[in-house]
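With the hints as constraints, model all of the structure from the sequences given.
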Amino acid sequence: MRVDEYEIKEELYYTKDHEWVKIVEEEAIIGITDYAQKELRDIVYVDLPEMGRKVKQGEKLCEVESVKAVSEVYSPVSGEVVEVNERLEDSPELINQDPYGDGWIAKLKPENLEGDVKNLMNAEEYAEYIKSLEH
Amino acid sequence: MIEFAGWHMPVWFTSIVKEHLAVREKVGIFDVTHMGRILITGKDAESFLNHITTNNVEKLKVKRLHYSTICNPNGGIKDDIMLQRAEEERFILVCNASNREKIYNWLIKNSKEYEVKIENVSDQVPMFAIQGPYAEKTMQKVVDIDLAKMKHWRLREGKIDDLHIILARSGYTGEDGFEITLWRVTHKEKEKAIKIYEKILEAGREYGIAECGLGARDTLRLEAGLLLYGNDIDEETTPFEARINFAVKMDKGEFIGREALQKQLEEGLKKIRIGLKMIDKGIPRAHYEIYREDKKIGTVTSGTYSPLLKMGIAMGYVKPEYNVENLQVEVVIRGRKVKAKVVNWPFYDPTKYGRRRVK
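These protein sequences, in sequence, are chains A and B.
Just so we're aligned, residue 1 is where the first sequence starts under our numbering, counting upward by one.
Just so we're aligned, residue 136 is where the second sequence starts under our numbering, counting upward by one.
Fair warning: there could be bad hints in the mix.
[Claimed, not checked] Within a straight-line C-alpha distance of at most 27 Å, the following computed DSS-like cross-link-like pairs (lysine-lysine) qualify:
#, chain 1, residue 1, chain 2, residue 2
1, A, 38, B, 416
2, B, 198, B, 252
3, B, 474, B, 412
4, B, 198, B, 284
5, B, 494, B, 153
6, B, 334, B, 276
7, B, 487, B, 286
8, A, 38, B, 153
9, B, 472, B, 412
10, B, 472, A, 60
11, B, 412, B, 476
12, A, 60, B, 416
13, B, 416, B, 472
14, B, 178, B, 384
15, B, 445, B, 487
16, A, 54, B, 416
17, B, 474, A, 60
18, A, 38, B, 161
19, B, 198, B, 272
20, A, 131, A, 16
21, B, 472, A, 54
22, B, 416, A, 107
23, B, 431, B, 476
24, A, 60, A, 118
25, B, 454, B, 412
26, A, 54, A, 107
27, B, 252, B, 323
28, B, 445, A, 38
29, B, 284, B, 334
30, B, 294, B, 161
[As the list claims (entries may be wrong)] What follows is a set of in silico ranges between Cβ atoms, one per label pair, in the way DEER data are often shown:
#, chain 1, residue 1, chain 2, residue 2, range
31, B, 371, A, 38, 37 to 45 Å
32, A, 102, B, 366, 34 to 42 Å
33, B, 400, A, 38, 46 to 54 Å
34, B, 139, A, 128, 26 to 34 Å
35, A, 80, B, 343, 45 to 53 Å
36, B, 319, A, 38, 36 to 44 Å
37, A, 102, B, 333, 38 to 46 Å
38, B, 223, A, 72, 54 to 62 Å
39, B, 456, A, 72, 33 to 41 Å
40, B, 283, A, 38, 36 to 44 Å
By construction, these hints were calculated from the structure, which means they are not laboratory data.
Idealized CB from N, CA, C, for every residue including glycine.
Below, the structure is given as structure tokens:
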């Protein structure tokens, strides 16, 4: 699905801060959306979250930096960080190149998935949300 | 688009990195119409400007320009400027966008004893900057001035279409290039200015010209070690602390701020500007603290990721005893101390980049 130049993936859930989460079996994979990476442009540094850290939904997970500014990434779900995308340390541009794939940021072991998902948007809702920001 | 000193301006057209590298390797064009242009004419123009500014206007020949500052009586910088001398008694003072009104008012206030006319022409004089190793080739297709014979810091007048132009060989990127002003274009006639902008863009196409936004303007000037008013200098900072001593001529006689600056030379500086290159990963930003051996020694005033060096670079102020090349220090980034070292500017290798590069 696309809204203007922005790609939106059907199977993901989204936040208003432009993070996405993909539920794969027992894990929640987290990243930032195509809209977010296009707004930030050249992503040049990712301060990855610490392994084992527990975060609540909506809490700061980590920071990504573009040339111009630091942006915070908020966790779409509550849980424990069980894996981080270490490739981003040397290749932060993966977020620009493939925000929903190789540019993923962290994997969480969710704590309250069913409840958390109720607070997120599905692809269609996120598409409407993007449209509302464009005006 | 962002709001900058009351102007809607793009931070980038394609990407900061692409635009930045175009200027270092090819050529880029910037619309810098937001900057202030003040026309100063009259019999006393030279002596008036020598009283107001810190560089020596008596030594500024016709058809040349120089970098200078305007100080308050305490020696603090009210603005850093480019002063163009078009004729013996006709000067154009180019000041920062955010200081347009302040500087105009300051000039008026201090001009009572001089026979000068001071006119703020900022809104009638669009200004573009064309910067990079292919700036000369690009502009040569647009103007009928022999640019091969025009050195840096020189000023020429000419025509494009039916508009009078003043071309300065100067810039804010560290690269060779030009800053052009169009005289005069009222808001109603802005199509004329747009047409010239597009003409330059077309002329530069074969050299890979990029339209550049405020983002690249900032990263380029930082790599070159050039100051940004409001970040790196302000009314609490003197030109000596900012290490732009070449813009201050203490031997030229009286000027506003001279006494305070003389006192500072005698008593010594309390802070001094340094350059920083990150040793470890991390991007320094304005207001981050600088540490050395668990002691806070200063503050970052501008920092960014350098698209050319692919690492974090910054400028900041420390106590003078820490201004030692290659001294290892730490920048506090989100609570973590990250290693950096003190360096001089420009941050790039000047034999490979910048206007003094070996061709």
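Hints and how they fare:
About 23 Å separates the Cα atoms of residue 38 of chain A and residue 416 of chain B, which keeps this hinted pair within 27 Å; it holds. Simply put, residue 198 of chain B and residue 252 of chain B have alpha-carbon atoms about 20 Å apart, close enough for the 27 Å limit, and the pair holds. Note on residue 474 of chain B and residue 412 of chain B: the hinted pairing holds, with a Cα-Cα distance of about 9 Å set against a maximum of 27 Å. Of the pairs offered as hints, the one joining residue 198 of chain B and residue 284 of chain B holds, with about 13 Å between alpha carbons and a cut-off of 27 Å not exceeded.
The straight-line distance between the Cα atoms of residue 494 of chain B and residue 153 of chain B is roughly 22 Å, inside the 27 Å bound, and the hint therefore holds. Our distance criterion of 27 Å between C-alpha atoms is met by residue 334 of chain B and residue 276 of chain B, whose separation comes to about 9 Å. With a CA separation close to 20 Å, the supplied pair residue 487 of chain B and residue 286 of chain B stays within the 27 Å bound. Between residue 38 of chain A and residue 153 of chain B the CA atoms are separated by roughly 14 Å; this keeps the pair inside 27 Å, and the hint holds.
A threshold of 27 Å between alpha carbons decides the hint, and for residue 472 of chain B with residue 412 of chain B the separation of about 14 Å falls inside it, so the pair holds. Taking the CA atoms of residue 472 of chain B and residue 60 of chain A, the gap is about 20 Å. The hint holds against a cut of 27 Å. With a C-alpha separation of about 5 Å, the suggested pair residue 412 of chain B and residue 476 of chain B falls inside the 27 Å cut-off, and the hint holds. A C-alpha spacing of about 21 Å is found between residue 60 of chain A and residue 416 of chain B, which places the hinted pair at or below 27 Å, so the restraint holds.
Between residue 416 of chain B and residue 472 of chain B the alpha-carbon distance is near 11 Å, which keeps this suggested pair within the 27 Å criterion. Between the alpha carbons of residue 178 of chain B and residue 384 of chain B the distance comes to roughly 23 Å, so the proposed pair stays at or under 27 Å and holds. Straight-line distance between C-alpha atoms of residue 445 of chain B and residue 487 of chain B comes to about 16 Å, which keeps the hinted pair within the 27 Å bound. This hinted pair checks out: residue 54 of chain A and residue 416 of chain B have alpha carbons roughly 25 Å apart, not beyond 27 Å.
Between the alpha carbons of residue 474 of chain B and residue 60 of chain A the distance comes to roughly 25 Å, so the proposed pair stays at or under 27 Å and holds. For the suggested pair residue 38 of chain A and residue 161 of chain B, the alpha carbons sit about 25 Å apart, so the restraint of at most 27 Å is met. In summary, the hint linking residue 198 of chain B to residue 272 of chain B is supported, as the alpha carbons are separated by about 21 Å, within the 27 Å threshold. In summary, the hint linking residue 131 of chain A to residue 16 of chain A is supported, as the alpha carbons are separated by about 12 Å, within the 27 Å threshold.
Straight-line distance between C-alpha atoms of residue 472 of chain B and residue 54 of chain A comes to about 23 Å, which keeps the hinted pair within the 27 Å bound. Taken as a hint, the residue 416 of chain B and residue 107 of chain A pair is honoured in the structure, with Cα atoms around 23 Å apart against an allowance of 27 Å. A distance of roughly 15 Å separates the Cα atoms of residue 431 of chain B and residue 476 of chain B; the hinted pair therefore holds under the 27 Å criterion. Restraint check for residue 60 of chain A and residue 118 of chain A: the C-alpha separation of about 19 Å stays at or below 27 Å, so the hint holds.
Restraint check: the Cα-Cα separation between residue 454 of chain B and residue 412 of chain B comes to about 18 Å, which is no more than 27 Å; the hinted pair holds. For the hint pairing residue 54 of chain A with residue 107 of chain A, the CA-to-CA distance comes to about 12 Å; that is within 27 Å, so the pair holds. A distance of roughly 25 Å separates the Cα atoms of residue 252 of chain B and residue 323 of chain B; the hinted pair therefore holds under the 27 Å criterion. The hinted pair formed by residue 445 of chain B and residue 38 of chain A meets the criterion: a straight-line CA distance of about 20 Å does not exceed 27 Å.
Straight-line distance between C-alpha atoms of residue 284 of chain B and residue 334 of chain B comes to about 23 Å, which keeps the hinted pair within the 27 Å bound. Under the criterion of a C-alpha separation no larger than 27 Å, the hint pairing residue 294 of chain B with residue 161 of chain B is consistent with the structure, at around 25 Å. Distance hint check for residue 371 of chain B and residue 38 of chain A: the Cβ-Cβ separation is about 39 Å, which falls inside the suggested range of 37 to 45 Å. Distance hint for residue 102 of chain A and residue 366 of chain B: a CB-CB separation of about 36 Å, consistent with the stated range 34 to 42 Å.
A beta carbon spacing of about 51 Å between residue 400 of chain B and residue 38 of chain A agrees with the range 46 to 54 Å that was offered as a hint. Checked against the hint of 26 to 34 Å, the C-beta distance between residue 139 of chain B and residue 128 of chain A comes to roughly 32 Å, which is consistent with it. Under the hint 45 to 53 Å, the C-beta atoms of residue 80 of chain A and residue 343 of chain B, about 49 Å apart, fit the expected range. Distance hint check for residue 319 of chain B and residue 38 of chain A: the Cβ-Cβ separation is about 39 Å, which falls inside the suggested range of 36 to 44 Å.
Look at residue 102 of chain A against residue 333 of chain B: about 39 Å separates their beta carbons, and that is inside 38 to 46 Å. The hinted window of 54 to 62 Å between residue 223 of chain B and residue 72 of chain A holds, with their beta carbons roughly 57 Å apart. A hinted range of 33 to 41 Å for the beta carbons of residue 456 of chain B and residue 72 of chain A is consistent with their spacing of about 37 Å. Taken as a hint, the range 36 to 44 Å holds for the pair residue 283 of chain B and residue 38 of chain A, whose Cβ atoms sit roughly 42 Å apart.
Consistency with the previously given hints is maintained throughout, with no hint failing.
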